[in-house]
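Generate coordinates for the entire structure from the input sequences, incorporating the hints supplied.
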Amino acid sequence: MKAIKTLLFCFTAASIISCDNDNDPTNNVCDTGYVSTLITNAFSTANGYDDMETMDLETHEYTIQINADGEICSVGYQNPSTYTGGYTMTITNTTSNTSYSGVHTFSQTTLDYQSITPVLVNNGDIINVKRTILPGYTLLNQTIGRLLRPSNYNDVPYPITQGNVVFLSSNFYGTGGPIPDFAQPYIALGFKVN
Numbered sequence: 001m002k003a004i005k006t007l008l009f010c011f012t013a014a015s016i017i018s019c020d021n022d023n024d025p026t027n028n029v030c031d032t033g034y035v036s037t038l039i040t041n042a043f044s045t046a047n048g049y050d051d052m053e054t055m056d057l058e059t060h061e062y063t064i065q066i067n068a069d070g071e072i073c074s075v076g077y078q079n080p081s082t083y084t085g086g087y088t089m090t091i092t093n094t095t096s097n098t099s100y101s102g103v104h105t106f107s108q109t110t111l112d113y114q115s116i117t118p119v120l121v122n123n124g125d126i127i128n129v130k131r132t133i134l135p136g137y138t139l140l141n142q143t144i145g146r147l148l149r150p151s152n153y154n155d156v157p158y159p160i161t162q163g164n165v166v167f168l169s170s171n172f173y174g175t176g177g178p179i180p181d182f183a184q185p186y187i188a189l190g191f192k193v194n
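Numbered according to the working numbering, the sequence shown spans residues 1 to 194.
Take the hints with a grain of salt, since some may be wrong.
[To be verified] Here are the simulated lysine to aspartate or glutamate pairs, DMTMM-like style, with alpha carbons at most 25 angstroms apart:
hint: 1; residue 1: 192; residue 2: 56
hint: 2; residue 1: 192; residue 2: 50
hint: 3; residue 1: 192; residue 2: 61
hint: 4; residue 1: 192; residue 2: 53
hint: 5; residue 1: 192; residue 2: 112
In case anyone wonders, no lab produced these hints; they're calculated from the structure.
Here it is, written out as structure tokens:
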């Protein structure tokens with residue numbers, strides 16, 4: 001009888017601890033690879049894109065549609081080899097008019113993820129993502145960033161669907177521009193699916 005009570009207690013405790021609306025334990029964490037994997041796959045060399053550091057304008061941004069419920073929980077970026085300073089990173093849900101904005105400095109050697117105050121997303125919401133170099137940079141080449149550019153030098157043929165994300169547009173501006181759809185900025189987002 002003691003073994004049955006212990007088993008029932010463990011089963012009840014396990015049910016309460018793992019309570020989730022879809023019984024998928026993998027969605028209880030911030031998936032830092034969520035958008036970076038989609039960017040890498042959609043804008044791959046095999047699909048006709050080159051990975052490069054270029055575009056010497058202060059703001060690099062793109063707009064996506066996320067077709068899942070959840071929250072954007074981190075931002076990932078890699079400073080270019082020419083700049084060690086910070087950026088204002090802004091993530092705006094233009095559908096619900098909610099946003100995150102904060103100053104971040106990233107690694108120059110690897111894609112570096114940093115936690116943010118979550119931005120809630122409902123299936124189909126439009127999200128604008130941008131990085132703007134902080135005032136005080138001294139050389140124009142410090143404003144460049146990592147991006148994926150079509151090998152044929154045409155504009156990116158948005159919209160591009162990859163998984164649950166539709167890449168809608170990109171833009172580059174500040175000390176020049178705007179230059180729409182020149183390339184896909186490599187600004188990653190961590191996403192926690194509900």
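Hints versus structure:
no.	hint	in the structure
1	192 - 56	violated (32 angstroms)
2	192 - 50	violated (29 angstroms)
3	192 - 61	holds (22 angstroms)
4	192 - 53	violated (29 angstroms)
5	192 - 112	holds (18 angstroms)
Figure legend: structure checked against the earlier numbered hints; hints not met, in rising order: 1, 2, 4.
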